[in-house]
Amino acid sequence: MKPDPQRMLELLAGALATDVMPNVQPRYRQTSVAILAGIALAAREEFERAAARRAEENAALRALFGASAEVVRDAGLGARLRAAAVTRDESLRVSALDASNQALRTLLIELHAHVETLVTPAARALDEAIWTELVSSAERRRLSAAPF
Amino acid sequence: MGDLAERFAAYAARRLAHARDVRVSGLDRIPGGASRETYRLVLHYEERGQEISRRLILRRDPPGSLIDTERRLEFGAYKAFAGSRVPVPEAIWLEEDPAHLDFPFCVMQELPGLEASPSVLLAPPYAQHREKLGAQKWRILGEIAKADPQQLGLVGLMKDVAPTECWRRELDYWEGVIDEDELEPQPIMRAVIRRLRRSPPPPAQKVSVVHGDYRTGNFLADTDGKIHAILDWEMAHLGDPLEDLAWGINPLWTNGTPQLAGGLLPKAEAVRHWEAASGLVADPAALLWWELFSCVKGQGIWVSSAREYQAGKNQDPILAMAGLLTYSQDRCALHLLGRLA
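Line order of the protein sequences matches chains A and B.
So the numbering used here is basically just the index in the first sequence, starting at one, shifted up by 103.
So the numbering used here is basically just the index in the second sequence, starting at one, shifted up by 80.
Heads up, none of these hints are tricks.
Calculated pairs, SDA-like style, for lysine to any residue (alpha carbon to alpha carbon, straight line, at most 20 Å): (1) B:LYS347 <-> A:PRO250; (2) B:LYS393 <-> A:ILE142; (3) B:LYS393 <-> A:ILE138; (4) B:LYS347 <-> B:LEU367; (5) B:LYS239 <-> B:LYS286; (6) B:LYS239 <-> B:GLU255; (7) B:LYS347 <-> B:LEU416; (8) B:LYS393 <-> A:ARG132; (9) B:LYS393 <-> B:ASP259; (10) B:LYS347 <-> A:PHE251; (11) B:LYS393 <-> A:LEU139; (12) B:LYS393 <-> A:SER135; (13) B:LYS347 <-> B:GLY359; (14) B:LYS212 <-> B:HIS308; (15) B:LYS212 <-> B:GLU349; (16) B:LYS393 <-> B:LEU263; (17) B:LYS159 <-> B:ARG95; (18) B:LYS212 <-> B:ASP304; (19) B:LYS226 <-> B:ALA357; (20) B:LYS347 <-> B:LEU417; (21) B:LYS306 <-> B:GLU211.
From the derived model, a few chain A residues whose C-beta atoms are all more than 12 Å from chain B: (22) PRO108; (23) GLN109; (24) PRO125; (25) PHE150; (26) ALA155; (27) THR190; (28) ARG227.
Derived Cβ-Cβ restraints for the label pairs, each shown as a range: (29) B:PRO204 <-> A:VAL189: 54 to 64 Å; (30) A:ALA232 <-> B:PRO364: 25 to 35 Å; (31) A:GLU231 <-> B:ASP252: 24 to 34 Å; (32) A:THR121 <-> B:GLY392: 26 to 36 Å; (33) B:ALA207 <-> A:ALA216: 41 to 51 Å; (34) B:ARG278 <-> A:ALA182: 23 to 33 Å.
Calculated from the structure, these hints are not laboratory results.
C-beta: ideal position from N, C-alpha, C; glycine also.
Hey, can you work out the whole structure from these sequences and the hints?
Structure (structure tokens):
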């Protein structure tokens with residue numbers, strides 16, 4: 104799409120902040136317009152990375168699950184981890200990637216809770232690997248204007 | 081707005097038995113406050129031959145809210161602390177019958193000319209008083225912690241809790257909110273919740289009134305750096321006073337100055353002021369438990385906000401913006417766990 108959606112959202116945010124907001128009354132509405140401008144900028148940032156971050160994370164989670172299957176002590180969970188590890192993203196639509204991501208992150212929660220109950224060195228190493236992935240997941244979602 | 085002004089004037093006329101010619105001017109919605117619609121207004125009336133004008137704040141429940149709160153508790157907290165070392169505006173009317181203004185509401189005294197917005201308070205001319213503001217803020221919180229809920233008349237109005245059960249009641253509640261409202265899995269917060277359950281904090285040193293949302297943004301200050309009122313008691317409850325301290329120093333509220341709790345003082349100084357005023361001790365391990373809990377609570381609020389907005393129950397954009405805080409709250413938790421700088 105041209106103009107680029109990111110550029111359109113950027114200009115939309117600018118127009119809201121500089122053209123619309125000063126001409127809106129009462130003050131409550133002005134604040135709402137300023138927030139809408141901020142939302143447009145957040146959407147711009149997410150638009151650029153939406154597919155990439157989901158595809159990257161899905162791949163990272165599948166790799167983690169593949170390495171986890173031999174560590175877990177629950178046969179059912181191990182089987183589901185092995186099955187999830189070999190799935191693929193058939194579509195690059197954000198909604199499809201998102202659905203896969205949510206299923207994989209749900210399984211990650213189950214895996215993490217299980218690993219926390221294990222005391223073997225392999226389990227401790229896996230726990231650290233999960234935390235590393237969780238930190239990466241927070242970085243992937245970071246918004247540049249966020250308060251922290 | 082006009083309709084609301086007329087309906088409020090009609091309501092006030094019923095409440096003021098001897099008032100005549102009751103009318104409202106200057107009704108204006110105040111930005112912020114996604115859990116209540118907040119308006120300022122001037123109520124004019126004649127009483128016993130005198131013309132009276134009162135500046136008031138009207139706080140009305142919105143159709144959808146960030147948090148489910150009991151306005152009766154909020155109103156009770158304002159009443160209880162009136163005239164104490166914890167400054168609060170006068171609480172005037174509580175109306176739970178939606179017949180009058182479509183939703184329940186309460187009415188407070190307005191304290192004009194004061195500022196609450198963090199972005200304003202942390203910029204000139206207020207910013208030169210950061211330390212003064214910070215010292216008062218944390219000492220007032222210490223006073224809240226020190227106060228006896230029984231003497232304040234709040235036991236009964238607020239659900240009592242044993243010192244050993246404070247943590248469990250709050251964690252159960254906010255985990256339940258996340259269970260109910262999350263729009264996507266929360267692996268970081270789920271890990272935090274499991275950790276909190278594995279290693280509970282010690283029993284509360286005492287059961288105190290917990291303000292529930294004690295942060296920069298919920299007090300009113302003047303340009304000389306004096307705090308005149310603590311606002312927004314809508315999440316007030318009885319519990320472990322460390323809960324309030326931990327919420328107030330959550331990294332989310334540092335407002336771009338991560339080394340300053342609440343954007344005002346280094347964390348150690350904030351804690352020192354709180355300890356001096358409360359007479360309590362902020363054990364570091366117990367405080368960390370409550371700091372991590374405050375991330376869970378925050379996440380409960382943010383995911384609820386995102387759900388309300390996505391479902392279209394409340395299309396105020398502040399709910400969408402609040403929903404985006406889930407990602408910052410995750411980062412705060414990782415920071416507190418020492419896994420993110």
